[in-house]
Amino acid sequence: MKTKQLVGRTVLLAMVLSVTVLRAQIPNLINYQGRLTNPTGAPVTNTLSMVFSIYSTAAGGTALWQETQPNVTVTNGVFNVLLGSTTPAGIPSNIFNNSVLYLGIKIGTDPEMAPRFRLTSVAYAIRASEADGVPTGR
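Each residue of the sequence shown is one higher than the one before, counting from 0 in numbering that gives the first Met the number 0.
Check the hints yourself; a few may be wrong.
As the list claims (entries may be wrong) - Taking lysine to any residue and the SDA-like style, the derived pairs with C-alpha atoms no more than 20 angstroms apart in a straight line are:
#: 1; residue 1: K105; residue 2: T39
#: 2; residue 1: K105; residue 2: L63
#: 3; residue 1: K105; residue 2: R34
#: 4; residue 1: K105; residue 2: V43
#: 5; residue 1: K105; residue 2: A57
#: 6; residue 1: K105; residue 2: P38
#: 7; residue 1: K105; residue 2: S48
#: 8; residue 1: K105; residue 2: T72
#: 9; residue 1: K105; residue 2: Q68
Treat the hints as calculated values from the structure; they're not laboratory data. None of the values given here were measured: they were computed from a predicted structure.
Using the sequences and the hints given, assemble the complete structure.
Here is the structure:
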């Protein structure tokens, strides 16, 4: 009887630990795709250094998070990056405690593009926050 209880408790403990490990493996990355054109509107094809910053304001202010991606491939104007991939810890989740966030992008030695892009959630993220008991503002 004690052996069955021990096996049952061991299985239960293993399940709890596996859920904890799985939860810890969620990447702190954001997939971002953009289109880059030159001043005449022609699509750019090049490999460029880009600086991505997250702000709580549409203009001005101090970046809550920032990273440089030194070799972004742009083909026919289209580029794709994983924000947080060149920062050891990715993007800290506490940044998303702000209700409104903006993404600033700086290319090469040019000044940051204006206006900044507002970051929004995807549909299932809204549902996940409701499941966690966090109000969605509706």
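A quick look at each hint next to the structure:
{"no.": "1", "hint": "K105 / T39", "verdict": "19 angstroms, holds"}
{"no.": "2", "hint": "K105 / L63", "verdict": "15 angstroms, holds"}
{"no.": "3", "hint": "K105 / R34", "verdict": "13 angstroms, holds"}
{"no.": "4", "hint": "K105 / V43", "verdict": "15 angstroms, holds"}
{"no.": "5", "hint": "K105 / A57", "verdict": "15 angstroms, holds"}
{"no.": "6", "hint": "K105 / P38", "verdict": "15 angstroms, holds"}
{"no.": "7", "hint": "K105 / S48", "verdict": "8 angstroms, holds"}
{"no.": "8", "hint": "K105 / T72", "verdict": "15 angstroms, holds"}
{"no.": "9", "hint": "K105 / Q68", "verdict": "10 angstroms, holds"}
Checked against the numbered hints above, the structure breaks none of them.
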